[in-house]
Every structure is written in C-alpha cells, then in structure tokens.
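Please take these sequences and the hints and turn them into a complete structure.
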Amino acid sequence: DGWPTDKVEEASRLARESGINIFFVTIEGPDDSEKQNLVEANFVDKAVCRTNGFYSLPVNSWFALRKAVQPLVKRVCDTDRLVCSKTCLNANDIAFVIDGSSSVGTGNFRTVLQFVANVTREFEISDTDTRVGAIQYTYEQRLEFAFGQYNNKAELLNAIKRINYWSGGTSTGAAITYAAEQLFSKSKPNKRKIMIVITDGRSYDDVRVPAEAVQRQGVIAYSIGIAWAAQDELEYIATDPDKEHSFFVDEFDNLYKFVPKIIHNICQEFNSQPRN
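To convert, count from 1 in the sequence shown and add 2; that's our numbering.
Calculated directly from the structure, the hints in this document are not laboratory data.
Be a bit skeptical, because a hint or two may be false.
Restricting the straight-line Cα-Cα distance to at most 30 Å, the calculated cross-link-like pairs of lysine-lysine (DSSO-like) are [stated by the list, open to error]:
1. K76 / K259
2. K263 / K163
3. K188 / K76
4. K263 / K155
5. K188 / K163
6. K259 / K163
7. K259 / K245
8. K190 / K9
9. K263 / K76
10. K188 / K155
11. K155 / K190
12. K263 / K190
13. K163 / K190
14. K9 / K163
15. K9 / K76
16. K190 / K245
17. K259 / K155
18. K245 / K188
19. K263 / K245
Estimated spans, in silico, between C-beta atoms of each pair [said to hold, decoys possible]:
20. Q151 / A70: 14 to 24 Å
21. P191 / I29: 36 to 46 Å
22. F250 / Q116: 11 to 21 Å
23. Q270 / V211: 24 to 34 Å
Beta carbons: idealized from backbone N, C-alpha and C, even for Gly.
Structure below.
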C-alpha cells in the first residue's frame, strides 16, 4: 500500500531480464503526503511485463485482500502466460521475409500483411524491447523497414499496413541472404534473432545454403508455406526440429491459425536457449 518515491522502471527491467515474473498487488491509493513525492504515477505499468491486467491486481482495501489470493494463485500457475514474460521485453529482433511474387496476388498479399501484424501485435515494441524488420522479395529484394525504424507499436503496425505489393518472380534464397546482410548484421547482441519466411511457391534459386548460413549466425528460422510452396524447401529453411518451425496451409485465409503457435514457440525458445 505504499506508493514509490523512487523509480521502479529500471530495477523492474533488470529483474524481468533475469527471468523474474513480477506481479503487483496494489492496495488503496496514495495519501496526500505520498502524492507530493510520487515519481511515477503509472509505476505498475512500468514494472510489469505487459499492461494487459494479467500482472497487476488492484485491491480496494486491506479488508478485501483475502479475495485476491485465488486470482493471484491462478495467474502465477498459468505457465502458458508466464512463458512469454521475458519475450515481451528486450527479447527479439524479428525479421519477416515476405514473398511478393506474382502468384500471391494483391488480395492475398494483404492477408499476409494482416498475419504479420497479428504476430507483431503480441510483442512490446521499442528499441529496448522487441524490434521488427521486414523484407519483401521477388527476383529482387526490398527492405520495407529495418530493426528499430519504428519504435512503438502503433507506428509499426501502420508501416506494415503501408507495404505495397511488388509482384514478380520468387528468389527465396537470395531474400534470406539479404535478410542476413541488411537486418541481422545489425542485430543487438542481447536480442534473440528470429526470421519468419512466408512464401507461396517454389524458389527459383537454392534456399538450403542461405538458410544454413543464416542459422549459423544464431538466427532461429521459421518457414510458412501456402498453396504451392515446396515442402522440401520449407524444411531446409526452418530451424530443427522442423515440426516446431515449419508450417503449411492450403489457403491464405488460414494463415491466422499459426499465430498462437508461433508466438508460443518464440516464447519457449527465448526461455530455453542462450542468447547470442
């Protein structure tokens, strides 16, 4: 029930990066004397992993504290939610490598961008949290935006929406190499490096050698194939085990089904593997 007169944001960030899950139970509000010295009125939002109400539990009075026990225990035991606690901080550099070939089409390309936005929406976006970059490719490659170019979620989601469909051939291997050179070469050492390749067809060039090269740089690669995508290429691109990193769907409209699985996998990988 005491409101802080010092800054909690930096201390909380260091604790979260060490794998500590922080829950805040706040009782009543600050009294007049505390208000005079209050440094951060929104200290709870700055201390917890996500400002979605899962990690904060306000209680009206000490008499009501007993009623908070069961909800708090339930949240602490919710391992599926807790597994993402570190991921939403400065965990990842995520690169989307997006097929913009002629076979995709304008309508389906918008569906792909919606998928990219849905994945992005699950992470806290800033230069010190998760950063997102995007590349579109045909025979050539185009950097749509780099890591850290958009440092808040609203700007990033708008940038995704503004990506224009290119149209052309399919050179997935060259696009992976381009991602390594233009995005991952600029990754920060404390970031988990994630590449998500989305394609609807067989590549005109080799994907195996570029995929192996980027994975040697410490990049965890996901492949998402739609319609005419080649299963062997999807497996070459994906980090082992393939079943956790390679996905296929017949229709673009079913892409949304992969969002929870990919998010869950990224969270687990952050907690189970050392960062480069």
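Hints, one by one, checked against the model:
For the suggested pair K76 and K259, the alpha carbons sit about 27 Å apart, so the restraint of at most 30 Å is met. For the proposed pair K263 and K163, the alpha carbon gap of about 23 Å is at most 30 Å, so the pair holds. Restraint check for K188 and K76: not satisfied, since their Cα atoms lie roughly 40 Å apart, outside the 30 Å limit. Restraint check for K263 and K155: satisfied, since their Cα atoms lie roughly 21 Å apart, inside the 30 Å limit.
Taking the CA atoms of K188 and K163, the gap is near 24 Å; set against the 30 Å cutoff, the hint holds. Between K259 and K163, the direct Cα distance comes to roughly 20 Å. Compliance with the 30 Å bound is thereby established for this hinted pair. Between K259 and K245, the direct Cα distance comes to roughly 15 Å. Compliance with the 30 Å bound is thereby established for this hinted pair. At roughly 26 Å between alpha-carbon atoms, K190 and K9 fall within 30 Å of each other, so this suggested pair holds.
Distance hint between K263 and K76 is fulfilled; the C-alpha atoms sit about 23 Å from each other, no more than 30 Å. Proximity of K188 to K155 is assessed by CA-CA distance (about 20 Å); at most 30 Å being required, the pair is judged to hold. Using a Cα cut-off of 30 Å, the hinted pair K155 and K190 holds, with the two alpha carbons roughly 19 Å apart. For the hint linking K263 to K190, the alpha-carbon distance of about 25 Å falls within 30 Å, and the restraint holds.
With a C-alpha separation of about 26 Å, the suggested pair K163 and K190 falls inside the 30 Å cut-off, and the hint holds. Distance restraint check for K9 and K163: the Cα-Cα separation of roughly 36 Å exceeds the 30 Å cut-off, and the hinted pair is therefore not satisfied. Between K9 and K76 the alpha-carbon distance is near 29 Å, which keeps this suggested pair within the 30 Å criterion. Under the criterion of a C-alpha separation no larger than 30 Å, the hint pairing K190 with K245 is consistent with the structure, at around 28 Å.
Between K259 and K155 the CA atoms are separated by roughly 22 Å; this keeps the pair inside 30 Å, and the hint holds. A threshold of 30 Å between alpha carbons decides the hint, and for K245 with K188 the separation of about 29 Å falls inside it, so the pair holds. Distance hint between K263 and K245 is fulfilled; the C-alpha atoms sit about 11 Å from each other, no more than 30 Å. Between Q151 and A70 the C-beta distance comes to about 42 Å, which lies outside the given range of 14 to 24 Å.
Between P191 and I29, the C-beta spacing of about 40 Å keeps the proposed range 36 to 46 Å intact. At roughly 19 Å, the beta-carbon separation of F250 and Q116 lies within the given 11 to 21 Å, and the hint holds. Range check, Q270 to V211: Cβ separation about 28 Å, and the 24 to 34 Å hint holds.
Of the numbered hints stated above, those contradicted by the structure are hints 3, 14, 20, listed in ascending order.
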